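The chain contents come next:
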Amino acid sequence: MLTARREPPMVEIEDTYEVKTAPETKEAPEAAPAPDAKAPTKLKSAPVIMSLPPDPPAHVIPEPIDAKPAVFHGPVIHPELDAERHVLRVENFHLHYGKRKALHGIDMKISAGKVTAMIGPSGCGKSTLLRSCNRLNDLIDHVRVEGNICLDSQPIYARNVDVIALRKRVGMVFQKPNPFPMSIFENVVYALRIGGEKRKRTLLEACEKALRAAALWDEVHNRLHEGALGLSGGQQQRLCIARAIAADPEVLLMDEPCSALDPIATAKVEELINSLRGNYTILIVTHNMQQAARVSDFTAFMYLGKLVEYGPTSSIFGVPRHPQTEAYVSGRFG
Amino acid sequence: MAAHSIYGSYTRLKSHLMLAACFACTAGILLILVLVLGYLVSIGFRSLHWSFFTELPTGTPRNPGGMRHAIAGTGVLIFLASLVGAPIGLLAGIFLSEYSSKSPLAGPVRFTADVLAGVPSIVVGILGYELLVVPLGHYNGWAGALALAFIMIPIVARTSEEMLRLVPRSYREASIALGASRARTIFRVVIPAATGGLVTSIMLAVARIAGETAPLLFTALGSRLMTLDPNEPFPSLTKQIYDYATGPYPEQKRLAWAGLLVLISLILGVNILARIVTHRMQRHH
Chain C
1 MLTARREPPM VEIEDTYEVK TAPETKEAPE AAPAPDAKAP TKLKSAPVIM SLPPDPPAHV
61 IPEPIDAKPA VFHGPVIHPE LDAERHVLRV ENFHLHYGKR KALHGIDMKI SAGKVTAMIG
121 PSGCGKSTLL RSCNRLNDLI DHVRVEGNIC LDSQPIYARN VDVIALRKRV GMVFQKPNPF
181 PMSIFENVVY ALRIGGEKRK RTLLEACEKA LRAAALWDEV HNRLHEGALG LSGGQQQRLC
241 IARAIAADPE VLLMDEPCSA LDPIATAKVE ELINSLRGNY TILIVTHNMQ QAARVSDFTA
301 FMYLGKLVEY GPTSSIFGVP RHPQTEAYVS GRFG
Chain E
1 MAAHSIYGSY TRLKSHLMLA ACFACTAGIL LILVLVLGYL VSIGFRSLHW SFFTELPTGT
61 PRNPGGMRHA IAGTGVLIFL ASLVGAPIGL LAGIFLSEYS SKSPLAGPVR FTADVLAGVP
121 SIVVGILGYE LLVVPLGHYN GWAGALALAF IMIPIVARTS EEMLRLVPRS YREASIALGA
181 SRARTIFRVV IPAATGGLVT SIMLAVARIA GETAPLLFTA LGSRLMTLDP NEPFPSLTKQ
241 IYDYATGPYP EQKRLAWAGL LVLISLILGV NILARIVTHR MQRHH
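Those protein sequences? They're chains C and E, same order as listed.
Per this note's numbering, the very first residue in the first sequence carries number 1; after that it's consecutive.
Per this note's numbering, the very first residue in the second sequence carries number 1; after that it's consecutive.
Don't read these hints as lab results, they were simulated from the structure.
Here are the in silico distance ranges between beta carbons for each label pair:
#1 C:202 / E:138: 57 to 65 Å
#2 E:107 / C:271: 47 to 55 Å
#3 C:271 / E:26: 55 to 63 Å
#4 E:9 / C:227: 50 to 58 Å
#5 E:114 / C:96: 27 to 35 Å
Below, computed lysine-lysine pairings styled on DSBU-like, alpha-carbon distance capped at 30 Å:
#6 C:176 / C:109
#7 E:102 / C:176
#8 C:176 / C:306
#9 C:209 / C:198
#10 C:109 / C:306
#11 E:102 / C:99
#12 C:99 / C:176
#13 C:101 / E:102
#14 C:99 / C:109
Note that the structure is a prediction, hence the values are computed from the model and not measured.
Every residue, glycine too, gets a C-beta built ideally from N, C-alpha and C.
Same shape as in the complex, but just chain E (with noise of 0.2 Å):
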């Protein structure tokens, strides 16, 4: 058989063409980012002012004036939804990756976080407009919170597990070897070593509720006001932008294009500290 040829073969065409093709679907999904946060981002930046931040709105559409109740709202709605979502998210995160291995209940309870993860946002919103609208007889902010803790408990259950689960197996058996029992264990030393990660598996989780507008459309309302008291209808950033970009006045979508530069520039500022911080944990290990 005659030996082929080293050079120009078929074989090396088709694997340029393929490794072209690979690049020209990349640079497409990179040209779509970057046209769509270079647009908002050009809009948004000549829309925003210092007003922004610090001022209410005015009730006048021509002078919309600013949306400080709206981050005002959405801090306290990210608040009370992580002191509700974190613990109980970190809680099954432990059992998952500490306790599960001889649990029949931990295939199950994976597999709920996971399809509870990806539940339209809008059944979450409906959910709490049926337990916590209703029977209180008025939208209020607490609903809305306990809405988005809904939404953040499988998101951090399921990094936090991950992030449990970096830890190396040997500090565990180090510390049963020396008579620990298996609570303390996680305690002293799992946790310990995965603070790191366990706080950036919350940070992913509030990057994605900050952005949840669905949620809240049926339960904290939105307001106008400048409110902290959860017991009324409840101001967010996102259901404000929301509501200045449907309505009629050229002023009022500038501000949603400002506010909406504003969430993205939160969210993504969010997800790179929590990148950073998982990279740094998993070179440690």
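Next up, chain C with everything else stripped away, as it sits in the complex (with noise of 0.2 Å):
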């Protein structure tokens, strides 16, 4: 709901970056200054980000940011997240468009019944990430992958995969309003026509009962049959989850769903998301960390290919650990 909606804090732009490894350690720096140079508590360099000229265009990959690999050579995962049960799981996923390397071994656990969120700047590969989960990639040519991804431990990637079953269980909702050139009845119904179900009664049913979970029944109960194309735009977007919905997928991937949207249909988009926790674990990449902040239940950052920090939504807009994740979520690049 909307009423539960966490603002992100306000971070302090500071010189120098203050790494948050431990409570104690922000407690005394100056008491116990480390001898040994291998675990410095302030890193004294310039930071690069600081020297980018004003507004970068859009297009402009920002520099890597000069994050001491001697600290951080890895992934900051919190371990909040080892209490969760965990119904997908990337292993060591790599992934190349051609002889590009999008994806740089990626690790992520994602949380049954919860909301996650992947934020990072524009390239970095989480919708890449996102559209590996149902092998939406597979229609890409010269996409390779290495490592796997696993549904309920099964890996994805395996040879004998039926693609069209493991597609029915990770539905998927794409970054613009996509439905058919077809009624909004047939639209919601597509997964069940193609299932093979012919049943007028049951069809009617699965209809009304995923346009109800898309909080979309009331608006077009007496227009079942009129064409998806002449709903506005967020309603489109709301009939693109039903339908995704009334194929009764475990997962739910979202690739930037409410980016076409504006405001009050995002807002809806948002409740929506909201109320379909639980009973759907749901993936969103969004570009908007305040929409992060709001609906997920965990965050991960990513840039550059690889997963930088992943934890409760709260710590990663609230204390962050890695200072990659900290510049980005206090709006310093990205």
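Using the hints, build the complex out of the two chains.
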């Protein structure tokens, strides 16, 4: 619900990064000047990001931030995630578009029944990772993957996987609303129809159930047989969500589902995501950090094809542990 | 360096001259079109009479009757040709648009279609003669229809490919993501979304074969009798026009003009219809 809105906290911009690895190092940095250089509490080098021009064009990928690999060689995974039941596990996943490598060994566990947000600047690979979870990248030529993604501990990139069965269990909602040029009813029952369901009654019941779950029933119940393209953008996107959940998936992938919508339609879709929490495992890619903060239980920050930090949303936005995460969530780049 | 004047520069003059040349050439082309069509309409219209559509050839050159047999013949030939050419062309178009990205066959198929679309139609006529007339021992309508189908296939294949490509990728992705197979996606989503365009591609091919004469010269041969049996030599509008226009009798020549007018109207009508459908489809997506 919108009342449960969590505002991202303001983070002060400092010239040096304070590394928040553990609370006690923050308490007494001067009292215990650690003699070994391997664990410095403060990174002295001037961060590259501060020398960037004030408003870099959107298409410029920011310079990699000097993150002192001595301190961070690998993603920061918060321990709270271990307590969860995981339905989807990304295991050392690499992906190449031809010669270009888009994902560099991602390890990530998606918690069952929770909303997990993936944030990061454009081109960081979050959509690619999302589209790998239902093997939609198979449609693109010259894509090559290594590693695996497991759905309920079954590897989905194994040789004998039935991708059609996989995609029925892992539904997807796209960036731009993409209802088929058919009636609202036919859109919702599409998955059932291709599953061979012909009984009118079953189809109508499933249609109503899905539209109710997508909070669209009241708006369209008297024009189910009119064209779906006549709906507004926000309604179209909720119809796409209804279409996805009519297939009764376990996991719902959402690729920037609100980026083409106005604020009111966005609020409705976010409300819908909140109401789906618990029944579905939702993995959502978003450019909008406020949105990630509002709707998600866990947040993963990705940068340049790598997972940087992954943990409870409140921690990622409140007390990020990785300097890159901090720079991003405080709006210093991206 | 002194600033250039912003008025009346040489560059501006050149630009105007270029524009004028473009206009002149366009006007020239339009003028030729108007002259040809105008001449055709003025003579054809004078000769066109209701009896053209209702009467059969009489056999007396002074009073040649009408072309009912030829109109029916062309209709049957187009129908038979479409029956063979449209499905093959459409399936080839579907292959090129939907399956070709991963197939090594795509390039050669597309190239072959382009070459076939440019083959002189007399070549198709000779081919039909060798393959379908010589073995059967006599000229026949089947050979004519198949020769026309052969011309139709590459046209339908290439235009339907373009029409299918107009269907947004997002439709395909949505369907695939819902667990539909590729074939189901094509038949349930892509083809319904492209129906208008696919009909257009067939109409354009029909317009093209309706005006073909050369492939029919050695296959259907033509006939002055009313027949609907493709096992016999088969009448067609174009061949009948050719016969009358090259003959010595002015009455027959007039009838040929009327036939030309009917043919041109038919082709123009189909083309305009196709254009409207295509335009609507492009705006739709």
